[in-house]
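The chain contents come next:
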Amino acid sequence: VRASIIADLVEGRLEGGGDPDITGVAPLDRAGPRDLAFLAQARYLSYLAGARPGALLVAAKLAEQAIVDCPRIVVRDVHRALALLLPELYPEAAVEAGIHPTAVIGPGAELGAGVRIDAYAVVGAGSRIGGRSRLGAHVVVGDGCVVGEDVIVHPHVTLYPGVQVGDRSILHGGVRLGVDGFGYVHERGGHRKVPQVGGCVIGRDVEIGANTTVDRGSIGVTEIGDGVKIDNLVHIGHNVRIGEHTIIIAQVGVSGSATIGRGVTLAGQAGVNGHIRIGDGATIAGPGGVFSNVPAGAVYSGYPARPHKEALRAQAVLFRLPELIKRLRAVERLLPAKEVSDE
Amino acid sequence: VRASIIADLVEGRLEGGGDPDITGVAPLDRAGPRDLAFLAQARYLSYLAGARPGALLVAAKLAEQAIVDCPRIVVRDVHRALALLLPELYPEAAVEAGIHPTAVIGPGAELGAGVRIDAYAVVGAGSRIGGRSRLGAHVVVGDGCVVGEDVIVHPHVTLYPGVQVGDRSILHGGVRLGVDGFGYVHERGGHRKVPQVGGCVIGRDVEIGANTTVDRGSIGVTEIGDGVKIDNLVHIGHNVRIGEHTIIIAQVGVSGSATIGRGVTLAGQAGVNGHIRIGDGATIAGPGGVFSNVPAGAVYSGYPARPHKEALRAQAVLFRLPELIKRLRAVERLLPAKEVSDE
Amino acid sequence: VRASIIADLVEGRLEGGGDPDITGVAPLDRAGPRDLAFLAQARYLSYLAGARPGALLVAAKLAEQAIVDCPRIVVRDVHRALALLLPELYPEAAVEAGIHPTAVIGPGAELGAGVRIDAYAVVGAGSRIGGRSRLGAHVVVGDGCVVGEDVIVHPHVTLYPGVQVGDRSILHGGVRLGVDGFGYVHERGGHRKVPQVGGCVIGRDVEIGANTTVDRGSIGVTEIGDGVKIDNLVHIGHNVRIGEHTIIIAQVGVSGSATIGRGVTLAGQAGVNGHIRIGDGATIAGPGGVFSNVPAGAVYSGYPARPHKEALRAQAVLFRLPELIKRLRAVERLLPAKEVSDE
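Chains as they are written, first to last, in the working numbering: chain A, 534 to 876; chain B, 534 to 876; chain C, 534 to 876.
Any given hint could be a false lead.
For chains that are exact copies, the list does not tell them apart, and a pair is met inside one copy or across any two.
To be verified - 35 Å max Cα-Cα, derived DSBU-like pairs, lysine-lysine:
(1) Lys594 to Lys859
(2) Lys594 to Lys726
(3) Lys859 to Lys842
(4) Lys726 to Lys842
Bear in mind the hints are in silico, worked out from the structure with no lab data behind them.
Between the sequences and the hints, there should be enough to build the whole structure, so can you do that?
This is the structure in structure tokens:
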């Protein structure tokens, strides 16, 4: 693809002369003469020195500093440009519809037009798989599930019975949906399991990362809203409700009955305690544990989580403590010893 | 089921007139006229306003405040009542015994009466599966394993060779038992693997959550005691011993050779360092890392974990530090400058 | 095996008379008269009292204190001795080569001499499996993958298309390699997926623990260096590069585009933020989050991570704060009240 055509596609400005043919995208330190390299962050400017790409996709804010020996395509947002360009340069392999002869389809299951079901996949009794959806090898869909249209289920995913997944959602390898939640009552030295009879409803355009687990409701429903993106190894407890377009990074844990608003960001390894409410647009900034409700739009971090600015300030001061102790001691020495020691 | 019959079943008191027919249980905000809603915590009192359930199951301590337009069943412990009621209202689908024709049963394997083995399950050579146990689709049981009676193994579980699982235990999707522990010795710039030749013994009435991993012993045995309940995505290292009825919430990590007592609670995302001992009945209260032994009955939290009250107090004071610095500066200003600066 | 032969094998000194026949290794509290027990740490000295092993493998530094009634083999490093001894005492069962009749081998796939492929494994089109490698039951290898020689892939592992795995590496149950990374661009209230078109290259002699996930590169490559050892439930984001012989303990999370040097240790539950660089030989000491680059050889801990000594000192002082506040109040009382309150 000519650089000029790429520039049009990403709404960028081609500069520097020449219009090379580009066949791929590569990081600066690996790009060859047919590759488009990219520069989105100032911290990677130093990589320009040794780089020999065919062309450079560069953020407008870095354009002045990004001196290279090749044509440049200047855009406002490099990542957005890549999102537009990559599907053109790396078209997805066409997927042939069809049911592998080893797939086991339960009685009463309905498969939409154009579905693809790979080797050893199992679809439970009465389940419905929407048109053009793909079940990878070894996927197990329990009885009575409803999978929408154009859904991609990667290998080794388990849907417990009755799970619903909305259109265009993507489930990565090893995802478990509709797992029994963690519910027991104490009883004579032990614990009696509370049957987990609720549902598990995944919205449309949701993506769920590898080996992430989502419990079913204990009685009500665990609900993941439309457009939610969840990374790998995340735990979502029973009865949790997650609003639309919320982002949940790897290894986050959300305990039972928590309610997460719309457009929230939970950063990697964050934990949210049971029954907590996190308001729309809030951010939990890092590892730690949220033990009280978080207002809409707020940024919290730490354990127990507090407003992030407060938490940072407290952390910063913490490292000045040894000095403070010294100063306090100096003050004490200037005062009559007896009275201080009386305290 | 009549509300009066439910009240008897859960040892509750039916109040408010009427005896509606109840067909399900639902959260307050979703309950319809045939549903029993429930109220166990004061924080959900506000949901009563818009609620229109057929009847309300309510904790005695909230009974006075819980004003509703429908019959009420008052109980001491709502969750215990649900544990008794749910199996009646939502009876488990009967499971037919049988071996799916695609299951691969190794030479010398013994299957007890009434077992059910689903599609594509694999049972290794010489393994024994106890009576009425169920292996879900795609379960892999290695050679020489012993699975007790009435065990439920959900799809995609892996038992490495030689693993033992006690009666009535439940293993959720993606559980890995008897994995090689993390053991190496340094050697000429690299690491040599120490063969992991120990065992992995899971007790009776244990439940293990989805995608949780339990390593086998390096030489001895990794042991999970009777009645232990483990949530999703937990890591249990080699040689760990966990006492009876201990509760381990999601994403906890227990490093090798740690010994966890009976009736312990490890809250979500807690970490326990190698070789640590946690006494009977202790609680680790949140994320953090336990780097020293914890006495029986103690409550610890934080990193490194300390007695929870101390940790909370220290955290609270931390946020007063900026004010303390101000006060110290004020004191310093009142004193002869020279001598303080001499310090 | 005679104790004297074991002593030769591990380059140890047999002491205490007698040369018993040893058939296994066991922990002190479980060893019988045919077992070799071992003592590597002083904290287990108290277990000697009740122990009745056939012989004791003991670290030279503990030899004087380790009084037992049986022959002893004294070595410098007990764990190294075990690494040498265990393969002799517990020889791995011979693995017969062969392709299980239920395995599905895609068109154009190449299988090296002596490979073993277990029940229901799936090998994608055009993939290559090197000589003597073993694919466990239910392993799914995507299209176009390259697996080296003598690789061991345990059951239920998923390789997404195009993944490469080096010779002699070991992948445990539920590992997912080459998963789509977490990459989106904001767009009209939602998020558009950035296609993840990069590679995922695992070096030689790598071991990856159960249910660990490794994302493919977004554009470049996610690279795990030779000899890296990764524990269970670890998350490695897209474009991460990990240097040779680095050790990553359970439940660590490494965010996208982080660069981890050679010989680094990331302790359990540590988190590394995106684009961070961790220098060769550095150690991240515990749970927490690394939000700034870490120099080679440094030891960091906490959230945000700081040099470990500083972090420990700050933590220690934190618990003295209530006392400091008291002392400050005492000082204030000795000074003219009015001026302090003016502050």
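Cross-check of the supplied hints:
Neither within a single protomer nor between protomers do lysine 594 and lysine 859 lie at most 35 Å apart by alpha-carbon distance, with minima of 46 Å and 41 Å respectively. Taking CA atoms no more than 35 Å apart as the test, lysine 594 paired with lysine 726 passes between copies only; the shortest distance there is 24 Å, against 58 Å inside one copy. Proximity of lysine 859 and lysine 842 under a CA criterion of 35 Å is satisfied in both settings, with 27 Å inside one chain copy and 18 Å between copies. Taking identical chains as interchangeable, the C-alpha atoms of lysine 726 and lysine 842 lie at most 35 Å apart only when they sit on different chains, with a minimum of 31 Å there against 42 Å within one chain.
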